Each structure stands twice: as structure tokens, then as C-alpha cells.
Amino acid sequence: MMIFKKRALGAALAGVAIAALALTGCTPSGSNSGSGGPTLAVYNGASGSFVKNFNPLSPTVLSEVQGMIYEPLFFYNNNAPLGTKPVPVLGSTFTANAAGTEVTVTTKKGVKWSDGKPFTANDVAFTMNLIRSNPALNVSGNTPSAKATDDTHVTFTFDRASFTDIPNILGTTYIVPEHIWKSIQDPVKDPNANPVGTGPLKLSSFTSQSYLLNKSKTFRDADKIEVGGVRMYSLAGNEAATSKLIAGQLDWAGIFIPDVKKVLGNKANLDYTTYGSQQVVLNTCSNAALGCTGPQTDPVVRQAMSAAIDRTQVNKLAYYDNAVPISATFALPGRDDKFIADSVKGTEPMTPNVKKAESLLESAGWTKGSDGIYAKGGQRLSMKVLVTSGYTDYIAALQTIKQQFKAAGIEIDVQQVANQENNSAAGFGKFQLQINGLFQGPTADPYYLYDSAFGSENTTQVGTSGNPYKNVARFSNKTVDDALKTASGTQDLSEKAKAYATIQQIIVKDLPYIPIINNRSFVEYSTKQVTGFPTDKDLYAQPAPGTSPDNAQVLMHLKKK
Amino acid sequence: MQFLRKIGFYVVALWAAVTLNFVIPRLLPGSPVDTLIGKLSQQGPVAPGMRKALEALFGTNTNEPLWQQYLDYLNGLVHGNFGISVTYFPTPVVDVIGQAIPWTLGLVGLSTIFAAVLGIALGTFAGWKRGTWVDSLIPATTLLQSVPYFWLALILLYFLASMAGWFPLNGGYDVNTVSPGFTPDFIGSVLYYGALPALTIVISSIGGWLLGMRNMMVSTLSDDYVTTAEAKGLSPMRVMITYAARNAVLPSVTGFAISLGFVVAGSIVTEKVFSYPGIGNAMLDAVSNNDYALMQGLFLVITVAVLAANLIVDIFYGFIDPRTRARG
Amino acid sequence: MSELLLESSTISVHDSTDGPRKSIRRYLSPKLVVGATIVIVTVLFGVIVPFFAQDPTAVSNIGLAPPSAEHLFGTTQTGQDVFAQLAYGTRGSLLIGILVGALVLVLSAFFGIVGSFVGGFLDEAFSLISNVMLIIPGLPLMIVIGTYAPQKSVFLVAFVLAFTGWAAGARVLRGQTLSLRNRDYVLAARVSGEKTWRIICVEILPNLLPVMSSGFVFSIIFAILGEAGLSFIGIGSTGSLTWGTMLANAQNGQALLLGGWWWFAPPGLFIAVFGCGLALINFSIDEVIDPRLRAPRVKKLQRKTS
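Protein sequences appear in the order of chains P, V and X. Quick note on the numbering used here: the first sequence kicks off at 7 and runs consecutively. Quick note on the numbering used here: the second sequence kicks off at 7 and runs consecutively. Quick note on the numbering used here: the third sequence kicks off at 48 and runs consecutively.
Calculated from the structure, these hints are not laboratory results. Please read all numbers here as calculations on a predicted model, not as lab measurements. Even glycine gets a Cβ: it sits at the ideal position worked out from N, Cα and C. Where hints are given, some of them may not hold.
Have a look at the derived ranges for each label pair, beta carbon to beta carbon [said to hold, decoys possible]: (1) X:Leu-119 with P:Gln-385: 48 to 54 Å; (2) P:Gly-375 with X:Asn-108: 27 to 33 Å; (3) P:Asp-165 with V:Ser-185: 46 to 52 Å; (4) X:Ser-115 with P:Glu-463: 36 to 42 Å; (5) P:Thr-90 with V:Pro-190: 53 to 59 Å.
Pairs of lysine to aspartate or glutamate, DMTMM-like flavour, derived with a Cα cap of 20 Å [what the hints assert, rightly or not]: (6) P:Lys-408 with X:Asp-170; (7) V:Lys-12 with X:Asp-102; (8) P:Lys-567 with P:Asp-192; (9) P:Lys-361 with P:Asp-304; (10) V:Lys-58 with P:Asp-165; (11) P:Lys-195 with V:Asp-101; (12) V:Lys-58 with P:Asp-192; (13) P:Lys-565 with P:Asp-157; (14) V:Lys-58 with P:Asp-277; (15) P:Lys-412 with X:Glu-171.
Reference excerpt, derived from the structure (chain P facing chain V, CB under 8 Å, subset only) [claimed, not checked]: (16) Ser-55; (17) Ser-64; (18) Thr-66; (19) Leu-136; (20) Pro-193; (21) Lys-195; (22) Ser-211; (23) Thr-213; (24) Ser-216; (25) Arg-237; (26) Leu-241; (27) Ser-249; (28) Lys-250; (29) Ala-253.
Input sequences plus hints: build the corresponding full structure.
Rendered as C-alpha cells:
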């Protein structure tokens with residue numbers, strides 16, 4: 007009855023005369039219990055309208071298609087320490103040769119595509135070769151050639167030693183059915199309107215504003231799935247999503263909510279998990295030899311800046327006390343403990359040390375001017391910092407840091423620029439400082455971050471276009487490069503640790519990325535209908551609905567309440 | 007002859023706009039590949055070869071000269087081909103726009119018409135009753151008009167939808183219970199979901215129509231022919247409607263045609279506040295993703311709308327105001 | 048929606064042949080007094096208060112604190128003083144408003160009056176330019192120019208708003224001039240061989256002044272609302288304080304959701320009240336242009352008796 011009233015009022019207020027029609031549109035909203043289990047309302051940052059793209063090989067594929075409909079061979083949990091065995095998905099076991107050039111995978115038996123046809127190792131080989139032969143699909147850049155030896159065995163042959171690429175290939179290549187895809191003309195552009203996969207869900211209905219995936223009856227463990235399906239929403243942004251979540255209209259969402267403790271703290275049935283790591287840093291154009299200019303090219307200045315940061319205040323004002331301390335090695339304390347050398351253990355101090363900053367600067371010949379800012383040889387210790395406009399946490403962090411730096415005689419000039427421009431500045435090295443995040447790789451191996459942020463292969467001379475998501479600090483060090491090579495060529499964890507110790511000693515001193523804080527992401531969920539989402543204590547997968555194939559792992563862990 | 011000249015003129019204007027449509031997005035620095043990688047990296051780690059793969063995918067590393075691109079672009083337009091959206095790759099732009107247009111036209115178009123009709127009616131009344139208490143309404147509507155639209159909309163959304171729960175929070179219809187089609191259920195849902203956005207548009211735009219109409223009414227009422235009509239003893243209602251309002255409304259008609267073009271642009275803000283699935287939403291998406299093709303398509307839709315509206319007004323205006331016609 | 052404002056204001060303008068020649072006193076209507084008071088107080092607030100207010104960008108550990116003696120309007124998420132931000136924001140918004148108003152005035156007068164008076168090819172050309180400018184959606188243009196500049200400053204935003212906002216005014220002025228140029232006294236001046244620029248300046252312009260000043264006032268409202276809208280969708284001026292950027296920051300910080308009404312409400316109210324003040328002034332100008340709008344009660348009585 008309540009709903010009737012509300013609708014009639016809404017229509018009347020807008021002057022829409024056809025109130026009767028509005029009334030007839032009334033059916034109980036919220037979760038409709040479909041076939042066996044509740045349907046979850048899910049938001050994953052989609053804005054605008056949905057457009058059909060169920061092609062799991064396309065980078066613009068709709069959320070949840072990867073993982074929920076199409077599956078990879080194995081699942082690597084990014085939160086588990088390196089060496090943890092991957093969870094079998096379509097594969098059951100695999101072995102790699104000593105050179106790291108060949109991998110043999112045994113696939114699961116009895117798996118069916120959602121059209122009822124059996125899944126075999128031939129599908130895996132077909133998918134791998136399809137990707138390899140299409141540069142536009144070859145996202146890893148190192149997709150192996152593949153050959154199925156029988157229905158359950160497939161062998162991958164890489165072009166080079168590929169230990170670090172194996173998790174990527176086994177964990178994020180979504181296998182498509184050969185019997186359908188062999189007749190698809192253009193696997194790059196085909197929207198794959200009627201997806202046939204092996205995963206726990208299948209497409210049920212689609213409109214430009216929402217789509218629904220329902221439980222697939224042919225899924226091998228269908229009887230263990232307690233969720234009926236997921237309904238995906240498109241919303242204009244975090245504000246809209248937060249309101250919807252609080253109104254009880256979302257069950258699973260990855261939204262940034264400022265002061266999430268306060269917003270969700272007193273809400274029954276709503277909870278959140280903090281996870282992941284976005285290591286917030288100040289990128290510095292650090293290498294004068296590659297063309298960087300400015301005070302930040304001096305490692306002492308970078309050390310002084312790091313010492314001057316009041317990380318507690320940054321955490322409070324920009325991250326609502328949700329962030330955690332950061333290690334200057336950029337390995338994650340806890341997960342990567344065995345990879346952090348003893349001499350550089352521990353995290354950056356949360357309190358500022360202005361004295362240390364000042365004595366560092368003075369030892370390098372800087373003297374404080376009458377304006378309270380250090381100067382050397384007529385050059386003031388003043389730098390420009392770029393930040394993408396609209397990235398409110400970064401902007402708040404910089405406002406805070408600016409004030410803290412000032413107390414230590416360092417001046418920064420914060421410039422908000424458009425995202426494209428910020429990227430372009432990073433790629434070409436046309437910046438002095440830039441606030442940014444360093445992200446982890448596909449598995450819990452610091453190698454990926456070290457390689458992309460510190461490897462000299464991943465940087466360019468200032469003025470030459472480089473990858474704005476890689477070594478933008480222009481860091482270049484032969485010893486580090488050698489250690490990276492050693493680490494990538496072995497599966498022996500202690501050998502890796504030794505190589506990483508070498509790298510850490512160097513980068514902690516050089517500090518091309520000034521560590522600020524380790525920001526965490528949140529995933530919010532409603533426990534009204536289901537329980538079992540990953541928690542801070544048990545991160546069996548990344549909890550965000552948009553991270554695949556983790557999403558399928560979460561789905562399989564959910565229990566009806 | 008006069009008519010043909012006008013048509014020719016608008017063809018030229020259309021060409022200029024189409025050309026600007028081509029030039030402006032290309033002046034934007036940055037590539038869609040970077041933007042997409044940035045977007046993907048927020049979701050999780052980006053594989054090392056992603057950049058190369060995307061470049062191959064979007065063909066952004068082509069070295070085609072600009073004039074060749076321009077010819078391709080014009081040729082594409084003639085054939086109704088606006089290219090392929092980067093954001094919604096590999097979907098053609100036409101499909102994306104086609105999906106969005108009905109929502110914008112429906113919501114923003116209808117509520118603009120509603121606001122105009124209501125505003126003109128109230129303005130007629132206010133002009134007729136000038137000098138009475140009705141005049142005090144005008145400053146009140148002015149205040150509503152001076153309120154930033156999105157601010158008002160957000161506050162109404164917060165109080166009427168979030169707190170009171172009288173209206174849905176966002177979206178175009180209840181995706182859980184109904185599916186698109188000409189069913190009473192669907193139409194009812196659309197009306198219910200459109201009610202609050204429509205209400206905010208009407209509240210914030212009605213003042214302009216009201217004031218414009220009121221002022222024209224006041225001017226017209228003191229014209230001789232109105233006085234004559236009154237002197238003849240015609241009923242006040244007849245004088246108000248057929249003599250005064252009929253003439254006073256003409257500038258409002260002009261204003262309406264021109265405002266139709268802005269309806270689409272103005273919908274960006276409305277649709278952002280209410281997550282409404284129309285053109286504005288698509289536009290914001292296109293802009294933030296460097297989606298040249300989608301942006302161009304959307305530009306073109308707005309352009310054609312405004313040009314068509316202006317053409318009609320121009321022809322119309324010539325008939326209305328003989329002074330404008332009698333020149334040269 | 049702000050364009051609608053401009054449009055609807057200008058269509059209300061009536062031809063004026065007998066300019067404002069009567070004593071100022073006659074025009075001191077209550078509307079004008081209230082409007083002028085609002086505008087003057089706001090301007091003074093924006094000009095003077097920043098000299099005394101706290102540093103609007105200084106962060107402190109008391110984030111999102113409600114109004115208190117120390118922070119009259121409370122603090123933002125990062126502990127910045129909302130009152131100080133308002134003072135500086137008022138300054139920023141006024142700057143944009145006046146800049147845009149002036150630019151729009153110049154552009155619309157140039158394209159609207161000169162072209163239509165001279166007629167022929169020039170009129171066609173100027174009219175074409177006006178039409179094209181009406182067509183280009185302002186928002187993407189804003190982005191194009193914005194990405195070229197290292198920072199989207201207040202000046203840049205003002206420039207773009209003016210650049211995309213003058214065309215409607217030019218259309219109105221064109222229409223007015225077309226009407227005026229066929230008036231007897233203008234024709235007489237032409238026949239007597241007066242120079243074109245002289246006719247424009249002496250015969251046409253004075254008669255357009257009220258229309259233009261009304262356009263100026265509305266451009267200010269248009270600019271302030273437009274800037275706020277741009278900021279809201281994330282492409283406003285960066286690093287500078289205006290009412291619009293304050294609102295955008297409050298919205299991004301989800302001020303309403305967190306109960307921080309003192310952060311979200313004031314900038315919007317300031318815009319509304321200031322805009323209302325300007326609109327009231329505009330009513331008065333309209334009444335000067337067209338004295339019939341003043342709607343005297345005497346006339347009403349006459350109507351009853353007639």
C-alpha cells in the first residue's frame with residue numbers, strides 16, 4: 007500500500023496526469039527470488055547506458071562477463087603470499103619446464119558449455135591460438151602457441167622464458183568455445199550477443215540500463231551456487247550509487263565512499279571490506295641524466311620531502327583514516343614479508359620529522375631564505391605538482407602536504423589538470439612532481455611493480471613518449487635491471503628474495519617515488535540476503551564485483567541467509 | 007526566392023558546424039588508448055601488452071593525413087555512419103545515440119514543453135492581472151530561476167527521494183520488474199521514474215517563460231487594438247486570449263524553438279544528477295573517455311536540432327514581424 | 048538551463064524609441080532598491096571580507112566541523128574554513144560574472160548591431176557566425192580549450208563562457224537593429240548622407256542601451272550559473288575558488304550524505320540570492336525600457352471603468 011501512495015504522489019507532483027498507469031506499474035521491487043536463490047543488485051562503476059558486448063576477449067567487455075560467464079584455467083589470489091597454489095578453475099593442474107618456456111595444463115573433466123556441449127582441452131588451445139594470432143587481442147604481448155594433446159591435456163609454448171607471464175596467461179585468459187568461435191568472423195569486434203560459457207552464470211536479459219545474469223544450470227557445481235544471479239546497474243557516479251546502497255537497493259558494490267565508517271557504520275545489513283593497495287606516491291622526474299630538471303632530481307631533496315610528510319594527517323584528511331602505512335620498498339607488509347630485506351623492514355614513519363628534513367637539506371647545501379623556503383644557488387626549493395582534477399583524495403592529500411612542506415621550508419605549487427594531460431606529462435616526463443598510485447601485479451610478487459616502475463626498459467628520455475603507467479620517474483640503474491632479470495628467470499623464492507633485497511637497498515635510498523600512504527579500496531555489500539563476502543581477515547579473493555575472475559570466486563562463496 | 011535563400015543559408019551553417027565538429031575533438035590532446043588504460047588500471051592491474059593491443063584495436067597509430075580523415079568523415083556522415091564508439095567498442099555510435107535519444111527527448115523535451123505551456127499560461131494571467139497581488143509571484147519565480155539547477159535538484163533528490171522515499175533515486179524505469187515495451191507497466195514505471203527529474207526542470211525553468219509572457223502581455227494590452235476590442239465590449243476572456251495573448255505569445259514561440267537546442271545540452275546536468283540514461287549521460291561518458299566518434303555524433307544531433315529549430319523560427323519570424331521582412 | 052534564462056530575458060525587451068530621459072527618482076522602485084542592496088552587499092562581501100578572513104586553503108585536523116565561533120560556517124572535509132572559502136569564492140564568481148558580462152556585451156553588440164545595420168553580405172556573415180556559435184555546445188569547447196591550458200583558470204572559464212554565450216544576445220540585438228534601421232528618423236539620417244558609424248553610434252546605440260544593459264546583467268547571472276554547472280560536471284576552473292568549485296567540492300565530498308549541510312548549502316544560496324538581486328535590477332531596467340511594464344494601478348482603474 008505504501009508503494010501505491012508514493013507512486014501516485016510522484017506522478018501527481020510532476021503534473022503527469024496518467025497516475026493510473028503509474029499505479030498499474032506496481033509490483034514488489036527489490037530482490038526477486040528467481041530460480042533458486044536471491045538475485046544480487048550489483049554496481050561496478052558503470053555510467054551511461056549499457057551496450058551489448060559479451061566478448062570476453064574485448065577490453066570493453068561488460069562487467070561480470072569475464073569470470074561469471076567465461077572462466078580462466080586457474081585463479082590466482084592476489085592477496086595470498088607468493089607460492090600459494092592457484093585455485094583450479096577450468097584447469098586442474100599444470101607444470102612448467104625448467105626454462106620457463108613450456109607449460110602443460112591438465113583440464114577438468116566433465117565441464118559443459120552452457121549450450122550443453124562438452125568443454126575440452128581443444129577449446130583452450132583454440133582460444134590461446136586465436137589470441138596469439140590477433141595482435142589486437144594479445145593483451146599480454148606474450149601469448150603462447152598451444153596444442154591439445156588429448157581431450158584433457160594442452161601444452162603452451164612461449165617464445166621466451168616466461169615465469170612472470172605464466173600466472174597472467176593461466177589466470178586471465180578467458181576460454182571461449184571453439185565450436186562457436188571458429189565461425190566468428192572478427193573476434194576483435196564481435197559483440198558476442200549470445201554468450202556461451204562454462205561459468206556459474208549465463209545471460210538472462212539485457213537492456214541499455216541493466217542486464218541480468220542468472221545461474222547456469224549446466225555449471226559443474228551448480229548445486230553449490232546459492233545465489234540466483236546478479237543484476238548490473240549503471241549509475242551516474244559514486245554519489246548516486248551511495249544513495250542507492252544506503253536505500254537498500256544494492257547488494258554488492260565497489261564504490262569510494264568518503265568516511266565510509268560514518269556512512270555505513272550504523273546501517274543494519276550493510277558492511278564493507280577494505281582491501282588491496284594503491285600505494286600513493288609522489289612521482290618525481292628524478293633522473294637528470296635522462297633530462298629531468300628541478301630540485302627534485304637531487305635524492306637528498308626527495309628524502310627530505312619524505313621526512314616532512316605528516317602521514318597521519320594525510321590519512322585523516324584525505325583518507326578518513328582508512329589508509330595504512332606504506333613501505334618505501336613498495337612491497338606489501340604482511341603479504342610480502344619474506345621479500346622485504348631486513349635492513350629496510352618497517353614502514354615509513356606516520357609522523358613528520360621536520361628536523362631531519364631540514365638537516366638533510368642543509369647538508370646538501372640548501373639554506374633557508376627570508377621567505378622561509380630553502381634555496382641553493384639562487385634556485386628556490388619550489389616544485390610544481392600535477393594532479394588530475396576531480397581526483398578529490400589526491401587533491402586533499404596535496405593540500406595537506408603543501409602545508410606540511412611549507413613548515414619544512416619546501417614549496418609546492420599544486421596544479422590540477424585534465425586526466426589526459428596528466429598522462430601525457432607522465433609519458434613524456436614533462437613534470438616535476440605528480441601524485442599517483444603504484445599498483446600490484448597479477449600475483450603477489452613484487453616483481454611486477456619493480457619491473458614496471460623501476461626497470462629502465464620501461465622508461466624513456468624526457469621528451470620522448472613513454473608509457474604513463476610505468477617508469478615515469480625515469481629511474482635507471484644497471485644493478486636493479488640485473489636483479490630484475492634474475493628474479494624473472496627463477497621460481498625459487500629465496501633467490502627472488504635476494505634479488506629484491508638488492509633492488510630495495512637502492513630504491514629506498516634513491517626514492518624516485520616518494521611514498522605517502524597505502525590507500526585501500528572498499529567494497530560494500532548488503533548482508534540482508536547472503537553472507538560470505540571476503541572480509542579483511544579472509545581475503546580469499548579481491549572482493550570488488552568488477553575484478554575478474556575473483557568475482558566468480560566470491561559468488562561461489564556466498565551463502566543464502 | 008526568400009525561402010530558398012534561407013535554406014541555402016542554413017546549409018552553409020550546417021556545413022560550418024559539421025566541420026567544427028570534426029576539428030574540435032581532434033584538437034584534444036591525449037589518446038583514447040591512454041584513457042582506457044587508465045580506466046582499466048583502476049579496476050586492477052593492467053597487463054604489459056595492453057597498450058599495444060589497444061593501439062592495434064582502435065587504429066590510433068594510423069598515419070592517415072588529416073584531410074583524408076576529413077573526407078572519410080564527411081563521406082561517413084552522408085551514409086549515416088558516425089564511426090565506432092571507443093567507450094562502447096565495437097558498437098557503432100549511431101546505436102549508442104539511438105539508445106539514448108528517446109530518454110532525453112522524453113524527459114527533457116516533455117518537461118520543457120510542460121514548463122513552457124504552464125509558464126506561458128501563468129504569464130498570460132499575470133500580465134492580465136498586472137498591478138495586483140499576482141505581481142508578487144514574479145520575484146519568487148526569479149529566485150527559483152537563479153538557484154543553480156543541480157544544487158536544487160540534488161537537494162530535492164536528497165529530501166524527496168533519499169529521505170522521504172517518495173521518488174526513486176535514479177534510473178529511467180524499474181529494471182527489476184518491467185521490461186521496455188508499450189505496456190502500461192513500463193509506461194507507468196517510466197512516468198514514476200521521470201517525475202522527480204521533470205519536476206526539477208519545471209521548477210527551475212518556469213520562471214523564464216512566465217516573466218517573458220507576462221511582460222509581452224503587459225506591452226500588448228496597452229496597444230490600441232486591444233483597447234479598441236475592449237471598447238467594443240468584447241468579453242474580457244476573449245480579449246485576453248484571442249487579442250492579447252495570441253500576439254504576446256509570439257516571442258515566446260521564438261524563444262521555445264531556440265531553447266530546444268539547449269534542451270539537449272542542458273540535459274547533461276539533469277542526467278548526471280538522476281543517472282538518467284539519455285544523451286547527456288552519453289556525452290559525459292564520451293568526453294571523459296576521449297570518444298571522438300561518439301562526441302561527434304552527439305554534437306551533430308544537437309547541431310541539427312538547433313539548426314532545424316532556427317530555420318523554422320526564421321521563416322516564421324518573417325511572417326510575424328513585417329518590419330523584419332521589409333528590408334533591402 | 049542558464050541559456051534559457053538569457054533567452055527569456057531578452058525576448059521580453061520591447062522596442063524603445065524614447066530613452067530614459069526622466070529623473071532617476073521615478074525608477075527607484077522597491078524592486079530596484081532590494082536588488083541593488085543585495086548586489087552591493089554581496090559585492091562588498093567578496094571585495095572586503097577576503098582581507099580579514101582566514102586562509103581558505105589552510106587545512107586543519109577538524110574536518111567537517113559544524114558552524115562554531117571559530118568557524119562561522121563550519122569546515123570542509125579537510126578542515127578548511129567555509130566562511131573564508133565563501134568570501135574568496137564570492138570574489139572569484141563575481142570576477143567571472145563581470146568578465147563574462149563585459150565580453151558578451153562587446154561581442155554581441157559587434158556581431159548583432161554592425162552586421163544587421165550594414166546589411167547585405169556582412170549581415171549574412173555575422174548572422175552565420177552567430178548561428179554557428181549558438182550551435183556549438185559549450186561544454187566540449189570548454190574542454191578543448193581547457194586541455195590546451197596548463198590550468199583552467201578563472202579567466203579561461205570566463206573566456207569560454209563568453210565565447211559560447213554571446214550569440215543569443217547578438218540575435219536579439221540584430222532583431223532590434225533591423226526594426227530600428229527602418230524607422231523614419233534613421234532613414235532620414237541616411238538620406239541626409241550621415242556616415243554609417245555615426246548613425247550606429249548616435250541614432251541606434253542610444254536606443255539599444257537599455258536592452259544592452261539588461262543583457263549585461265543577465266550575462267552575469269548566466270556566467271555565474273554556467274560556471275557552477277561546469278564545475279559540477281567536473282570541468283570548471285581548477286585551483287581557484289568560486290561558488291561553483293565550492294559546490295563541486297562539497298558534492299564530491301558527499302557533504303549532504305555526511306550531514307555537512309553547512310558546506311553544501313551556502314554557496315548555492317549565495318548564487319540564488321545574488322542572481323535574484325540581479326534579476327530584480329533587470330526588472331527595473333525592463334521597466335525603463337518599456338514603461339508599460341510598470342503596471343500602474345491608475346491604468347487598472349481606468350480599465351475597470353471603461
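Results for each hint:
| no. | hint | result |
| --- | --- | --- |
| 1 | X:Leu-119 with P:Gln-385: 48 to 54 Å | 41 Å, violated |
| 2 | P:Gly-375 with X:Asn-108: 27 to 33 Å | 29 Å, holds |
| 3 | P:Asp-165 with V:Ser-185: 46 to 52 Å | 49 Å, holds |
| 4 | X:Ser-115 with P:Glu-463: 36 to 42 Å | 56 Å, violated |
| 5 | P:Thr-90 with V:Pro-190: 53 to 59 Å | 56 Å, holds |
| 6 | P:Lys-408 with X:Asp-170 | 54 Å, violated |
| 7 | V:Lys-12 with X:Asp-102 | 57 Å, violated |
| 8 | P:Lys-567 with P:Asp-192 | 44 Å, violated |
| 9 | P:Lys-361 with P:Asp-304 | 19 Å, holds |
| 10 | V:Lys-58 with P:Asp-165 | 18 Å, holds |
| 11 | P:Lys-195 with V:Asp-101 | 15 Å, holds |
| 12 | V:Lys-58 with P:Asp-192 | 18 Å, holds |
| 13 | P:Lys-565 with P:Asp-157 | 34 Å, violated |
| 14 | V:Lys-58 with P:Asp-277 | 40 Å, violated |
| 15 | P:Lys-412 with X:Glu-171 | 58 Å, violated |
| 16 | Ser-55 | 5 Å, holds |
| 17 | Ser-64 | 7 Å, holds |
| 18 | Thr-66 | 4 Å, holds |
| 19 | Leu-136 | 13 Å, violated |
| 20 | Pro-193 | 11 Å, violated |
| 21 | Lys-195 | 4 Å, holds |
| 22 | Ser-211 | 7 Å, holds |
| 23 | Thr-213 | 6 Å, holds |
| 24 | Ser-216 | 4 Å, holds |
| 25 | Arg-237 | 7 Å, holds |
| 26 | Leu-241 | 4 Å, holds |
| 27 | Ser-249 | 5 Å, holds |
| 28 | Lys-250 | 5 Å, holds |
| 29 | Ala-253 | 6 Å, holds |
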